[in-house]
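Take these sequences, add in the hints, and give me the full structure.
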Amino acid sequence: MTGHRAVDQTAAHMAEAIREGRATSYEITEAHLDRIDAIDGTVKAFLHVDREGALATAREVDEAIARGEKLGPLAGVPIAVKDVVVTKGMPTTAASKILEGWIPPYDATIVERIKAAKMPILGKTNMDEFAMGSSTEYSAFGATLNPWDTGRIPGGSGGGSAAAVAAKMAPLAIGTDTGGSIRQPGAVTGTFGAKPTYGSNSRYGLIAFSSSLDTPGPVARNALDAALLHEVISGYDPRDSTAIDAPVPPVVAAAKAGATGDLSGLKLGVVKEFAEGADAAEAGVIAAYEAGVEQLVKLGAEIREVSCPSFSYALPTYYLIAPSEASSNLARYDGVRYGLRAGDDGKHSLEEVMSLTREAGFGPEVKRRIILGTYALSAGYVDAFYGKAQLVRTLIKQDFEKAFEQVDAIISPTTPFIAFKFGERTGDPYQMYLADLYTIPTNLYGGPGVSVPVGLSEGMPVGLQVMGPVMGDDITYRVAAALESTQDTLLADTAPEIEGN
Amino acid sequence: MTKLNDYDKAVETYEPVLGLETHIELDTNTKMFCGCSTTFGAEPNTQTCPVCLALPGALPVANKAAIEATIKIGLALNCHIAEWTRFARKNYFYPDMPKNFQTSQYEEPLCENGYVDVVVEGKEYRIEIERVHLEEDTGKTLHVGGATGRIHGATESLVDYNRAGIPLVEIVTRPVPGTGALAPEVARAYTAELRDIVRSLGVSDVRMEQGSLRCDVNLSLNLPGAEWGTRTETKNVNSLRSVERAVRYEVRRQSALLDAGERIFQETRHFQETTGETRAGRSKEEATDYRYFPEPDLAVMEPSREWVEQLRSELPEPPRKRRERLQAEWSLGDKEMQSVVNADAIELIDATVAAGTTPSGAVKWWLGELSRRANESGEELAALAITPAQVAQLQGMVDDGRLNDKLARQVIDGVIAGEGDPADVAAKRGLEVVSDTGALETAVEEAIAANPAVADKIRGGTHAAAGVLIGAVMKATKGQADAGTVRQIILDKLS
Amino acid sequence: MSTISREEVAHLARLARLEVTDDELDAFAGQLDVILESMKTLAEVNTDGVQPTSHAVPLVNVFREDQPQPSLPRDAALAGGPDTYEDRFRVPRILDEEA
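As they're listed, the protein sequences go chains A, B and C. Under the numbering used here, the letters of the first sequence match residues 1 to 501, in that order. Under the numbering used here, the letters of the second sequence match residues 502 to 996, in that order. Under the numbering used here, the letters of the third sequence match residues 997 to 1095, in that order.
Check the hints yourself; a few may be wrong.
[What the hints assert, rightly or not] Cross-link-like lysine-lysine pairs, in silico, DSSO-like; alpha carbons within 30 angstroms at most:
id	chain 1	residue 1	chain 2	residue 2
1	B	K979	B	K994
2	B	K641	A	K347
3	B	K641	A	K88
4	A	K70	A	K256
5	B	K565	A	K88
6	C	K1036	B	K591
7	B	K958	B	K994
8	B	K591	A	K397
9	C	K1036	A	K88
10	B	K907	B	K958
11	B	K641	A	K97
12	A	K70	A	K97
13	B	K591	A	K97
14	C	K1036	A	K272
15	C	K1036	A	K267
16	B	K979	B	K929
17	B	K994	B	K907
In case anyone wonders, no lab produced these hints; they're calculated from the structure.
Okay, here's the thing in structure tokens:
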């Protein structure tokens, strides 16, 4: 419900109020912490809440402003951080038992930037273990509930960040997106999620799932808020060898331009192959999406069909590359230097203790993907699987490069179905993987993709995805903000109120 | 008991094929993929960070100096430097390897197809280099609870990650056939040449005793004209002498097995420094599958030709050329120079000469007294507790007549025992030539009086007889007289 | 058609240091089959002459200067260790490599 509580404001408004002395960071931060206290027992979006730390930062901001210091554009606005991002002195588990109790001795680069921007960190949000999943059902610490319907999943892996923002426990959050983990939760919780261009922001301190695909990005309730956060966290980092040394695309300006509601002259592509095949989207999702497309046309956009002949190979390509890299990235969790150790009873050898530790510490989806990745990299298979997937990845990339020669951006539904009910897809991993059908291609070609709320189906939110060319993040924000401008009320503000305790 | 053949008999029957894999730790300031210092001997786990401890979220960034050092090694070994190369992950679990994969190189090494020529007993052998690649070192594991600090029998182990992530260059030869009975010497000569080349580049201190140069020796035997046999890989070979011994041992062991009609298994063996044996590793139920794949956290490398040529222009004089130059400068014959090379004494002699000694003086000590001592204690010459500067000082004292050779040897005892520089030792032990001519003249007169017949002979022109009188004087002065001075005094008195 | 056997899954689990249960073996073998069926469709793609893609934006020669940076304080380095002793990480006995 739209209201006039502190937590109902956009992040941009909060920042402005703090800057202008109409509100303090302390009261805004405290309001969010109080809301977490009140309703997170129901939603379960947070794995860790740092009341004292957040309020201490808030107080610093208020004091700095009282002294007349000039602070950054989001100074004083609280934020939640997905638990896959390393935070110094604050527990970081990636929602895995294997890291339970680990306190990192360092900050991720994006956390350093959040701290430098003077944003109070409320705590760490729930997710699928090691970001592997689309529902948070694979969190070792229990699933997060969708604020729109607590019988349904909030999406994943970043369901905690999306639900925290949807339920107004945080105005902003950090997510990470390997195959859709920012955008799909955004779509099913009626929030805004952006996966920036791979390499346009630092992965240093991001607990690795798939090194060549992982990208951190903003979670918010609208395009402008996300863009403001995008600019805070993005930019070159010499500690990440895969970071791009180039200026951050002007996403804030683009979001503001889009909000004027003018898309005349813009060409938007729809991928022919997305609508084909047995795995196509639900009718209700398509209806909401098409209504959004009509709005975009009214704003002056021209819709063109483009082709991505290799689209049907995107899902298998992804499910070879990501688990292969993951199987190697997750080898370090062995109970030697940090985290869980199991079976060390004086009788077992180190080899046995490592195996017992990993068996006890990893959940089923993580084990499944480790085994899958181990298979795809093993002698005799590596060329047919991992190697072949890297070749097909090139074809997919070429498809999109060709498409972006014809259009400025590409649009699609974010995910084929609305938030499903708990347990509906855990029995069949492949059914779960389909949630990322439309988001995975972006990770494979590496460009930006945002999910913006577009409407409802069966009373649940539906997201529209805007994909852009590599380093063309600004265009995705412009289109999304334009779509928002056609909505009287932000969809995120129409979520049913959560019953607190 | 392992059956061993007589070596000479073994190489009459079988032809050995060698292969050498050498690991060299680079002495960059920082590790391969992080900014941690690489100082040897630091307190455990004080040179670690999120990257080299493999903390969740940490990412590698390649050290440019290590890439350059590897390219230089490749160039010095006459390799082709790749136009396009990348790192790969070698996946296996071991507690000294924090990520449980080693960042290494697989199908695209930085340098390929080189060679090194070595001369053994006047014959030149070309050792072909298959590849030179860059990877990272592991941590160090201390085994506790076993009797000897070895892994066998240990009840637990303690891991220090200071060494984890130090840049490591691996140099792999192609199989080397045709060395016959000289296989051990060729293996040693190659390792020594490689070490000298790398040392001349200034990219590693290549100290085998500190583990900054480590060898794996591959060896197979075959009957003349037959296909090459199955090879074993012997690890832990950590001195030049051990390289020779390991080859020799494997020739003797494998030939005995082949004579008995048994098979050689392709296996990893471990060299035992104390006994000179090689021992089989644990037989693995499953073949290792390293699941190599391109390292997604690092960018590919395309060394530009300009960069490579720049590095080539910085290469120093190759050790072999330098040896030829030094041989001329030191006026040594081929045989003498070969002895210097065999004793691994070039650097020591060069440094001794640089410290102000004549080449003949430096050669005399290092090849004579000091080599004898090294042989006795089974050490490398360089491992003796005496420095080139100390040897130079010692020879200077001899040149000044303050020490004779006999006293100098006693001074060496003191230096090696850690009593200080030669001058300190001589002072502390009272080892100075008696240069008080008054005292010497008295001693000579006493000797003449005690040996009138000898004195007459000398008076009669038989100067060689002076030796008897010199001996008597030396005895009387407890060896602390300079024989030349004594002789002169005798001749002066008796002419 | 079964493409991956229970034994193969057990072998992979050993390689990956996972002490999986019998129930997990059964479940994983079946589930991996489904996934692998989908992956096998890649075999039909013609990739002749195609270069592999490892990253969205091709990057080359990303290096760091050889300048030391501060290491972690030792206590911080060791703090996460489940078992430390004399400033080192303690692990149970390692299956010996030497006989």
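For which of the previously enumerated hints does the structure constitute a violation, in increasing order of number?
Hints 9, 12 and 15 are the ones this structure does not satisfy, whereas the remaining hints hold.
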